[in-house]
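Residue 380, in my numbering, is where the sequence shown stops; the numbers in between run on with no holes.
Among the hints, a few may not be true.
[What the hints assert, rightly or not] Each pair of labels, with its calculated beta carbon distance range:
1) 229 with 169: 21 to 27 Å
2) 267 with 171: 26 to 32 Å
3) 288 with 165: 25 to 31 Å
4) 169 with 368: 30 to 36 Å
5) 180 with 42: 43 to 49 Å
6) 64 with 25: 56 to 62 Å
7) 171 with 377: 36 to 42 Å
8) 267 with 310: 22 to 28 Å
[Claimed, not checked] As a list, the in silico DSS-like pairs of lysine-lysine whose alpha-carbon atoms are at most 30 Å apart:
9) 129 with 377
10) 129 with 370
11) 58 with 129
12) 377 with 58
To be clear, the hints were calculated from the coordinates, so they are not data collected in a lab.
Ideal placement from N, C-alpha and C gives every residue a C-beta, glycine not left out.
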Amino acid sequence: MTGAVPWGVTVTADGQNTAGGDDAALEAIRERIDDLDQRIMQLISERAACAQEVARIKREADPAATFYRPEREAQVLRRIHGGNPGPLDREEMTRLFREIMSACLALEQPLSVAFLGPEGTFTQAAALKHFGHSVQTVAMSAIDEVFREVESGSVQYGVVPVENSTEGVVTHTLDRFMQSPLHICGEVEMRIHHHLLGQDADGGQILRVYSHQQSLAQCREWLDARLPQAERLPVSSNAEAARRAAGEAGAAAIASEAAAELYGLQVLAANIEDSPDNTTRFLVIGRQPSGPSGQDKTSLLVSARNRPGSLHGLLSPFAENDVSMTRIESRPSQCVNWEYVFFIDLEGHAQEPRVARALEALRREAELVKVLGSYPKAVL
């Protein structure tokens, strides 16, 4: 009686073992991979050298030159996203190039980006998604501080939340644009997954749940069903919630997996958000405007004249010039009681002829028109 054939070994009809042939084929593939890795490394190094040459030419022409161009980066990432032949998913391929571009830009001009902290917030994750991991992220304790850091020149850019698909706008961000001279330079869209974090894997007795007020609202149904007796305590950020839960017995936090790793917590329950399509939109703010990328948005702050039909007068220039309006929000003007301003998002860049015509007509109708920024639509 012959012995059993080992698992994974193929025996032909005449009893020949083909494992040696398989080993040879695998070795050939591995050698091919090694060769490709070497070529990829060489090409990335060549790209980095080109970035350094770009920096040299720019500095010679203008010592105060701007190196980060949102419109250029968006065009490159869109080309990668649309031209990826597979088998890698195009989102994965685009993320790889995002990191290559981030590392190359760091050779030209290291970027510092302020975000609503502390470490481990979704806003920090949005900053890294947009700029890549070669930037320095600087945590701020409030949205106001993010604006001030960018305005003062202490950092080049900031990232702030502006709206959530279930809870609506972040009013403090909109209000801050009324006084700020900064421009919106980009946007980031993040699918938000909330996890219940705690010190013990079994959960123990949870008496308090910390989180940002919006996150508590986004997980209301889950909390009502699973932890109806637990006190819900709003804090400045989800990362701050995780920090507190790490130091208090009987406390849990609603936060991200990154916050769990940062503060040494266990994920007690994953994806507890009430809406599976929970998405937050963030804005990138800076001191310089962005040029046209070909697929852009424009954000406006508009104040209506105090007369009948004024709102119709604000909206008609967009329809007349075939400009799509994607969002409109009203906020108190902060100048006169019972007067309101409107925040409007449009399709297109302010330099496009049809958008420029609409803005010109809008200025004739409105008391105030402030272009907050024209910027590339989110790619990732």
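Hint check results:
no.: 1; hint: 229 with 169: 21 to 27 Å; in the structure: violated (32 Å)
no.: 2; hint: 267 with 171: 26 to 32 Å; in the structure: holds (31 Å)
no.: 3; hint: 288 with 165: 25 to 31 Å; in the structure: holds (30 Å)
no.: 4; hint: 169 with 368: 30 to 36 Å; in the structure: violated (20 Å)
no.: 5; hint: 180 with 42: 43 to 49 Å; in the structure: holds (45 Å)
no.: 6; hint: 64 with 25: 56 to 62 Å; in the structure: holds (57 Å)
no.: 7; hint: 171 with 377: 36 to 42 Å; in the structure: violated (23 Å)
no.: 8; hint: 267 with 310: 22 to 28 Å; in the structure: violated (51 Å)
no.: 9; hint: 129 with 377; in the structure: holds (14 Å)
no.: 10; hint: 129 with 370; in the structure: holds (28 Å)
no.: 11; hint: 58 with 129; in the structure: holds (26 Å)
no.: 12; hint: 377 with 58; in the structure: holds (26 Å)
Consistency with the previously given hints fails for numbers 1, 4, 7 and 8, ordered from lowest to highest.
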